[in-house]
Amino acid sequence: DTGVSQDPRHKITKRGQNVTFRCDPISEHNRLYWYRQTLGQGPEFLTYFQNEAQLEKSRLLSDRFSAERPKGSFSTLEIQRTEQGDSAMYLCASSVSAAYSTETQYFGPGTRLLVL
Amino acid sequence: AQSVTQPDIHITVSEGASLELRCNYSYGATPYLFWYVQSPGQGLQLLLKYFSGDTLVQGIKGFEAEFKRSQSSFNLRKPSVHWSDAAEYFCAVVIPGGYQKVTFGTGTKLQVIP
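Those protein sequence lines, which keep their order, are chains H and B.
According to our numbering, the first sequence is numbered sequentially starting from 1.
According to our numbering, the second sequence is numbered sequentially starting from 1001.
No lab work stands behind these hints: they were computed from the structure.
Incorrect hints may have been included.
List time: in silico DSSO-like cross-link candidates among lysine-lysine, alpha-carbon distance up to 27 Å [claimed, not checked]:
(1) B/Lys1049 / H/Lys57
(2) B/Lys1068 / B/Lys1101
(3) B/Lys1061 / H/Lys71
(4) H/Lys57 / H/Lys11
(5) H/Lys57 / B/Lys1101
(6) B/Lys1109 / H/Lys11
(7) B/Lys1109 / B/Lys1061
(8) B/Lys1068 / B/Lys1049
(9) B/Lys1049 / B/Lys1109
(10) H/Lys14 / H/Lys57
(11) H/Lys14 / H/Lys71
(12) B/Lys1068 / B/Lys1109
Away from chain H, derived, C-beta distances all over 12 Å, residues of chain B [as the list claims (entries may be wrong)]:
(13) Thr1012
(14) Val1013
(15) Gly1016
(16) Gln1045
(17) Phe1063
(18) Glu1064
(19) Ser1070
(20) Arg1077
(21) Gln1111
All values reported here derive from a predicted model rather than from experimental measurement.
Glycine included, each C-beta is placed from N, C-alpha and C at the ideal position.
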């Protein structure tokens, strides 16, 4: 399977705990995006990487959130001191950029987080 | 900032009937337009996309969408719905140039009845 993969698929945690999610993009995709989807809503952009550089962060991404893509391949999203409002589906997408060309983002299956 | 409106939260159709899901966008120029489908508990699958050219685009699973610049719309259609089409459908836009943050609508949940 050469699609975007995410791990874990489900996570239940207690309020105040830290959690970390992983995303493995499609090979050779240089762009990677994180989105958050709450119940009944469409996904909302969180952050974006081009290779290993984090180039954009949404205001939705509070100080408790941090994302990395250390080698320009897989990415991690960490949430510290989780709150019940963090309960959501966290989606990762990847794409390949090309000058003067359009791109299509391919999404992973998501990690569903429940904070008790 | 760009926005996407999907006016129908829920739609119910009979199997075999035709389907049209509405999408309107707000942006000063023509964005890139997408339709994604999400089955329960799953990620998003791309159905089709419009970047330029022919305003009627064909996608996977028998879906098509028509871009109408005058109406700022990109409605999704299927002539005959199958029970397996029951899912949530998201219209999305991307502003050309730079990195391409996707802005999604709130989704339309499709129920298919026998």
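Check each numbered hint against the structure and report the violated ones by number, ascending.
3, 11, 16
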